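*Asks:* Use the sequences and the hints to build the structure in full.
There are 2 protein chains.
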Amino acid sequence: MKMAMLVFDDFELLDVFGPLEMLGQLKESLSIDIVAERTGAISSVQGVEIVANRDFTQGIYDIIMVPGGQGTRREVSNPALLQWIVTHAWQCQYLCSVCTGAALLAKAGVLDGKRATTNKLAFDWVVSQSDKVDWVRKARWVQDGNIFTSAGVSAGMDMSLALISHIWGEAKAHHVADYAEYEWKNDPESDAFADKYTQVT
Amino acid sequence: MKMAMLVFDDFELLDVFGPLEMLGQLKESLSIDIVAERTGAISSVQGVEIVANRDFTQGIYDIIMVPGGQGTRREVSNPALLQWIVTHAWQCQYLCSVCTGAALLAKAGVLDGKRATTNKLAFDWVVSQSDKVDWVRKARWVQDGNIFTSAGVSAGMDMSLALISHIWGEAKAHHVADYAEYEWKNDPESDAFADKYTQVT
Numbered sequence: 001m002k003m004a005m006l007v008f009d010d011f012e013l014l015d016v017f018g019p020l021e022m023l024g025q026l027k028e029s030l031s032i033d034i035v036a037e038r039t040g041a042i043s044s045v046q047g048v049e050i051v052a053n054r055d056f057t058q059g060i061y062d063i064i065m066v067p068g069g070q071g072t073r074r075e076v077s078n079p080a081l082l083q084w085i086v087t088h089a090w091q092c093q094y095l096c097s098v099c100t101g102a103a104l105l106a107k108a109g110v111l112d113g114k115r116a117t118t119n120k121l122a123f124d125w126v127v128s129q130s131d132k133v134d135w136v137r138k139a140r141w142v143q144d145g146n147i148f149t150s151a152g153v154s155a156g157m158d159m160s161l162a163l164i165s166h167i168w169g170e171a172k173a174h175h176v177a178d179y180a181e182y183e184w185k186n187d188p189e190s191d192a193f194a195d196k197y198t199q200v201t
Numbered sequence: 001m002k003m004a005m006l007v008f009d010d011f012e013l014l015d016v017f018g019p020l021e022m023l024g025q026l027k028e029s030l031s032i033d034i035v036a037e038r039t040g041a042i043s044s045v046q047g048v049e050i051v052a053n054r055d056f057t058q059g060i061y062d063i064i065m066v067p068g069g070q071g072t073r074r075e076v077s078n079p080a081l082l083q084w085i086v087t088h089a090w091q092c093q094y095l096c097s098v099c100t101g102a103a104l105l106a107k108a109g110v111l112d113g114k115r116a117t118t119n120k121l122a123f124d125w126v127v128s129q130s131d132k133v134d135w136v137r138k139a140r141w142v143q144d145g146n147i148f149t150s151a152g153v154s155a156g157m158d159m160s161l162a163l164i165s166h167i168w169g170e171a172k173a174h175h176v177a178d179y180a181e182y183e184w185k186n187d188p189e190s191d192a193f194a195d196k197y198t199q200v201t
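Protein chains in written order, with full-length UniProt numbering: chain P, 1 to 201; chain S, 1 to 201.
Where hints are given, some of them may not hold.
With a Cα cut of at most 35 Å, we get these calculated DSBU-like pairs of lysine-lysine [what the hints assert, rightly or not]:
id, chain 1, residue 1, chain 2, residue 2
1, P, K185, S, K138
2, P, K185, P, K27
3, P, K138, P, K2
4, S, K138, P, K172
5, S, K27, P, K185
No lab work stands behind these hints: they were computed from the structure. Just so we're clear, the structure is a prediction, and the values are computed from it rather than from any experiment.
*Replies:* Structure, rendered in structure tokens:
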């Protein structure tokens, strides 16, 4: 299988590298491209740069993963990026987002009629991108058919393990988590942050 | 303060980006360089490349962080990298490793007489790098004075939050963890993996 991790300037580091730590262990089953509007160095919110090896003119993918980060505030108004999402959402088997990446999927219209979740601190902004999505405030991640959306940042690791479990089996997901000495929160409804931020804001 | 994240080909992704997700939130207090023997693209075990912005001839740092990954098997025999560690271990305020990064610190001799931990799957290989270290098999992370060493991969996030707590206070560490929707395991002795791997091997 082939996977595209979409990146854009001001992506959130762990939104990208949490899932890549987990899915990147499946080298024999899965190849991963880092896809951006233009190839080359792409800067994270934290300033660290990674290298995009494919641009929007290349590739067909089985899995599409869209991260969040401050850059989503700009990219919801980028027609080229939204068109890439629409095209690949039709072609892929699994469509995934981490954190505010769900705002990009929602704005592109590919979550219409679907259940989805997102970052809790930025929940209201993400929800404002589309009123056609059945937004779930309290969730670590949400699976609706072949669409997986996670809560903020580190929740992308738990969702990625759920995706691995769905495709390759739960034993494989536990093996991957154990390799990373990561205690997988294998319950999509276990969310310690929804209530915390609802109380604060 | 200034921090150097050391990288080398075949580093483990989350060893680098878990800590950077946490410490990278402290932009007003901490600037971070990605340091390698040569600047430019450096490839992870998983294949994804990041950009090193400083080489071994540049910089003085308050915090040194050394990740693990398969590349450590090669780098324990790299005199230039070991010399960089020795030089910066003397100059820095805090010396840290994630996962098998402890093998590089041990081989460089900067853990002599210190308590330290490392990845559990690779524990015996790391320990073989130095018999002058007081190795701790069961730990999420170990702090010995100004030296912080973590267990495998995802344990680097918990250790980084402990470092943030040590320098900037526990409230700041909780704020950083909450932002990342990460449930900080704030107990260095809580280790679910040491016994698991001891039973298996």
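*Asks:* So, for every hint listed, does it hold in this structure?
*Replies:* Hints and how they fare:
Distance check on the hinted pair: K185/P and K138/S sit about 22 Å apart at the alpha-carbon level, within 35 Å; holds. For the proposed pair K185/P and K27/P, the alpha carbon gap of about 23 Å is at most 35 Å, so the pair holds. For the given pair, K138/P sits about 31 Å from K2/P by alpha-carbon distance, which is consistent with the 35 Å threshold. Taking the CA atoms of K138/S and K172/P, the gap is near 25 Å; set against the 35 Å cutoff, the hint holds.
Of the pairs offered as hints, the one joining K27/S and K185/P holds, with about 29 Å between alpha carbons and a cut-off of 35 Å not exceeded.
In this structure, every one of the numbered hints holds.
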